[in-house]
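Novice: Each chain, letter by letter, is given below.
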Amino acid sequence: MPYHEFKCSECIPERKMHAVVKGPGEDITMALPLGYLNTIPGSISERGCAYCGAKHVIGTPMKDVIHLSHGPVGCTYDTWQTKRYISDNDNFQLKYTYASDVKEKNIVFGAEKMLKQNIIEAFKAFPKIKRMTLYQTCATALIGDDMNAIADEVMEEMPDVDIFVCNSPGFRGPSQSGGHHTINIAWIKDKVGQVEPKITSDYVINYVGEYNIQGDSEVMADYFRRMGIQVLSTFTGNGSYDDLRAMHRAQLNVLECARSAEYICNELRVRYGTPRLDIDGFGFEPLSNSLRKVAMFFGIEDRAQALIDEETARWKPELDWYKERLKGKKVCLWPGGSKLWHWANVIHEEMGVEVISVYTKFGHQGDMEKGISRCEEGALAIDDPNELESVEAMLSLKPDIIFTGKRPGEVAKKIRVPYLNAHAYHNGPWKGYEGWVRFARDIYNAIYSPIHQLSLLDISKDEIPTGNGFVTSGMIANAGLAEEVISAGDLRQYSGKYDCVSDLKNKIYPDFKKVTEE
Amino acid sequence: MDDIKGKIAQLEDYIMKKCLWQFNSRAWDRKDQNENILKISTLLLCEEHFIPETPADRCYWVEAVSLVDAFKNRYPWISALNKTEKKELMEALKERIDFLTITGSLNKELTDPLY
Ligand code: SF4
Chain A
1 MPYHEFKCSE
11 CIPERKMHAV
21 VKGPGEDITM
31 ALPLGYLNTI
41 PGSISERGCA
51 YCGAKHVIGT
61 PMKDVIHLSH
71 GPVGCTYDTW
81 QTKRYISDND
91 NFQLKYTYAS
101 DVKEKNIVFG
111 AEKMLKQNII
121 EAFKAFPKIK
131 RMTLYQTCAT
141 ALIGDDMNAI
151 ADEVMEEMPD
161 VDIFVCNSPG
171 FRGPSQSGGH
181 HTINIAWIKD
191 KVGQVEPKIT
201 SDYVINYVGE
211 YNIQGDSEVM
221 ADYFRRMGIQ
231 VLSTFTGNGS
241 YDDLRAMHRA
251 QLNVLECARS
261 AEYICNELRV
271 RYGTPRLDID
281 GFGFEPLSNS
291 LRKVAMFFGI
301 EDRAQALIDE
311 ETARWKPELD
321 WYKERLKGKK
331 VCLWPGGSKL
341 WHWANVIHEE
351 MGVEVISVYT
361 KFGHQGDMEK
371 GISRCEEGAL
381 AIDDPNELES
391 VEAMLSLKPD
401 IIFTGKRPGE
411 VAKKIRVPYL
421 NAHAYHNGPW
431 KGYEGWVRFA
441 RDIYNAIYSP
451 IHQLSLLDIS
461 KDEIPTGNGF
471 VTSGMIANAG
481 LAEEVISAGD
491 LRQYSGKYDC
501 VSDLKNKIYP
511 DFKKVTEE
Chain B
1 MDDIKGKIAQ
11 LEDYIMKKCL
21 WQFNSRAWDR
31 KDQNENILKI
41 STLLLCEEHF
51 IPETPADRCY
61 WVEAVSLVDA
71 FKNRYPWISA
81 LNKTEKKELM
91 EALKERIDFL
101 TITGSLNKEL
111 TDPLY
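Going line by line, the protein sequences match chains A and B. The first sequence begins at 1 in the numbering used here and counts up by one. The second sequence begins at 1 in the numbering used here and counts up by one.
Hints may be right or wrong, so weigh each one.
Using C-beta positions, here's what the derived DEER-type ranges look like [unchecked claim]:
#, chain 1, residue 1, chain 2, residue 2, range
1, A, Lys-398, B, Thr-111, 36 to 42 Å
2, A, Phe-171, B, Glu-109, 19 to 25 Å
3, B, Arg-74, A, Gln-453, 36 to 42 Å
4, B, Tyr-14, A, Glu-10, 52 to 58 Å
5, A, Asp-490, B, Glu-47, 36 to 42 Å
6, B, Tyr-14, A, Arg-314, 25 to 31 Å
7, B, Glu-47, A, Met-30, 34 to 40 Å
8, A, Arg-314, B, Glu-53, 34 to 40 Å
9, B, Glu-109, A, Arg-271, 18 to 24 Å
10, B, Tyr-14, A, Asp-309, 22 to 28 Å
11, A, Ala-149, B, Glu-109, 33 to 39 Å
12, A, Lys-330, B, Ser-79, 37 to 43 Å
None of these hints come from the bench; they were simulated from the model. Where a beta carbon is used, it is the ideal one built from N, C-alpha and C, also for glycine.
Please construct the entire structure, taking both the sequences and the accompanying hints into account.
Specialist: Next comes the structure, spelled out in structure tokens:
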């Protein structure tokens, strides 16, 4: 597997070891991009910082908590509007963003006093919320503010509140991944084991590494509940602070994003003997296998099979409608970490697209091992690309679409490549059976958008056709399809609702009687 | 010889594209996973008994059942092998998966002393 040198990065020779092309018959023992290293000076990375990984990715999806950053307001930029980890308590954690608003004078004279005032003020402003997470940032770490001492003082003065301190300033690690690690370990060390939960089922899991992007974890929790499995906690999407303090009581940790949350599963395994089962919640086949495995762990496979049959019958004809229209489309799969391996094989198999490149911003070499193994031959795999490399790759590979974050996504649009937001989604959830169809629909809408077709024309030099009439996505897509596919009666377009998550809140589940004593 | 290589390549392709258990992040952990899951898979494939006794065993067993089901569905030739052939095949498969994920792996994090 040859390493790939980008023309634009010839002046940064170290970059060559960060990209490879998967050649015919080659495997991951022949070449593997370096990963999880400090970004090379001169390479403008698209990564986030370790504070961002701890707070914006893992901490803040917890729903019943005041999330306060101790630092300048700028650190909290990535909150309003940019994150889409919703919650079933009216999105409290998304609606309010808190920072202690550190200024130059605090750097000189210290910011602890101000932090304490801020904490108390925030609790008073939201008297129903009794839980808080505090996040360290670069500036306050450098001046040595002792957040733990302040948190202890407040907890003594306000005995009904509980505060979690996360000491993961931006510089603590090469990327946001360092922050994932830090907050995982801090949570298990400081908080797990403090609450005894009410066990309502014979089958109890923690659902770990799942952040409820546009409702993903609510969809998965629905499946688990339909099988009579109690989801004791979700780490951390739509998760509750106190439920997460009770993680030690689950019988199984079902791990979705191993990149961001394997650490806590590994620790739970060592400290409490709870095993870890890695699953894939995306795509019909991987999801069905995953549900079957979780159920089999508890000896209730029949319940899983009934659910799988029902969901597959309902949604497969719709997935296949899109597959017919997406076959052969070239895709750059450029997410942050885990989606590169969650999706690399299944989008090829179930949607018919060709993954021509995978990249990861903050993945480790293990993520590349998984991603490269799962994609087809010829794919270009890149670790921590800079913007120029991404542009060079898009210009040479000519993808029909890329799946990436919003910053590189906007760059893609400028060179007329449609993009879908791989982190926050477009019209998610994308997890679950219906969600997977929604993902296919978003891809279809992006590739066949008439507006996108128009954007391919350059009004400064191209001849603009004026005689063409109105076109729709359907007309563009149908142009390349055989008549029998267009008229296939057993396939149909997505027929779900605009909002497929809210109704789950009021759903009544079968009452599987608990037989074992606590 | 070529025949067994071709067969192993098919099974390897399934594991590397569809499974996650072989990719835990430390070498010792991968060794445990490969050893246990493939050992139980061999027993199940040969219709021998395995009763999981601990929660960890149950996890290995669940992965093994799922793997063996997939092998039987996708590669009908596997059911036509006799017990000795199945054992030889699975032994060679384990060697290959160990090579890909542990001994031949270029992942520098595998030997990180943490965990
Ligand atoms: S790198 Fe430091 S200053 Fe910048 S956002 Fe992260 S914590 Fe804040």
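Novice: Starting from the hint list further up, note which numbers the structure goes against and sort them upward.
Specialist: Hint 4 contradicted; others consistent.
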